[in-house]
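S.K.: So the chains spell out like this:
Number of protein chains: 2
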Amino acid sequence: MREELAIFNRIFTATKESIENFMAILDPVIQNAKDDHERLYYHHIYEEEEQRLSRLEELIPLITNFENDKNDTIFSPTNNEFNRLLQELNLEKFGLHNFVEHLDLALFKFTDEVRSTQLQQMREVSYQDYQQVKNFLNEINGKFDRDYVDPHAHHDKDHDHLAPLISQTATAKNHKSPKKGFTVGSLL
Amino acid sequence: MREELAIFNRIFTATKESIENFMAILDPVIQNAKDDHERLYYHHIYEEEEQRLSRLEELIPLITNFENDKNDTIFSPTNNEFNRLLQELNLEKFGLHNFVEHLDLALFKFTDEVRSTQLQQMREVSYQDYQQVKNFLNEINGKFDRDYVDPHAHHDKDHDHLAPLISQTATAKNHKSPKKGFTVGSLL
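Chains as they are written, first to last, in the working numbering: chain A, 1 to 188; chain B, 1 to 188.
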């Protein structure tokens, strides 16, 4: 678990910096939006990342506390703090997933070399980090807390192969209707 | 606190239904998207609401448990479950805020009478519910847990007057740069 904590710490510290870089790209776009719709669109994405940033500012010290605690009995489902940690990590797994999609959406719009290069780089790192966090959480939930029910599991299943944009959008055509009892199918 | 719990329960049960109605509007739009960008855009919003739906399916029973517990000492910051409830409610306050913005974005696109009427109705209810949840949480955090630090407080402050779209977008021009140490300023 300690090895995973160190990697979680690295990933979420790095994604914090990526959020700030992404916000710095969005800021002038919001300032210079051509109309209200464009302004609201980028502002909304900016705010969602700002909310994630605030949550990460709480999560990273929580991870650090677990890293510094030498008592291995803390890694138990009977420990409320550990359950809280798992809950927060699961939430930020989706935060990373949504960030990848925010970057994919931005890549459609910001096609100049400077921004598209920076966004593509962030996108690749964030995608790898999302996969890593997802795999760790699957192992941890299985290992430490067999009764743990991931409320997003049905949803997350759809993201096992969240792939680069080109194949995402290609397969998004296979979108299923929730009315048929499927989840939306996601961008596999 | 019991009165607030009953209203939280009503609000989050009602917003669950609104999410499902919104997803039903988005579903055919995703299916029939004119290009990959449009598909990813609506699919991404659909997924964020799907994630919120999954969280509400955990939150509502948690609220109900507190309603059914006759022991008023549970409403204490020393009770981990109560702190968890406050945390989840705070997260879903932002879920409601983001939902209002998802509806505002949809109102730019779906201008036919049937959908715009339905969306506007959902938007008005969700906006009122967001304000109600925000006000209750401010009171509760002050009353039960003076040490409670809302990680989003700096951000939420910007939403005190989240207003109908017209004035939102009008004032969004006052957007401040985070580089100057402001939050994004939000759609006051």
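I should point out that these hints are in silico values taken from the structure, not numbers from a laboratory. Some clues are possibly wrong.
Note: identical chains are not told apart, hence a pair may lie in one copy or across any two.
Taking lysine-lysine and the BS3-like style, the derived pairs with C-alpha atoms no more than 30 Å apart in a straight line are [to be verified]:
#1 Lys143 <-> Lys34
#2 Lys70 <-> Lys109
#3 Lys134 <-> Lys109
#4 Lys34 <-> Lys70
#5 Lys143 <-> Lys109
#6 Lys109 <-> Lys34
#7 Lys16 <-> Lys134
#8 Lys70 <-> Lys134
#9 Lys16 <-> Lys70
Treat the numbers as computed from the prediction; the structure is a model and nothing was measured.
S.K.: What are the numbers of the hints the structure violates, in ascending order?
M.R.: 1, 2, 4, 5
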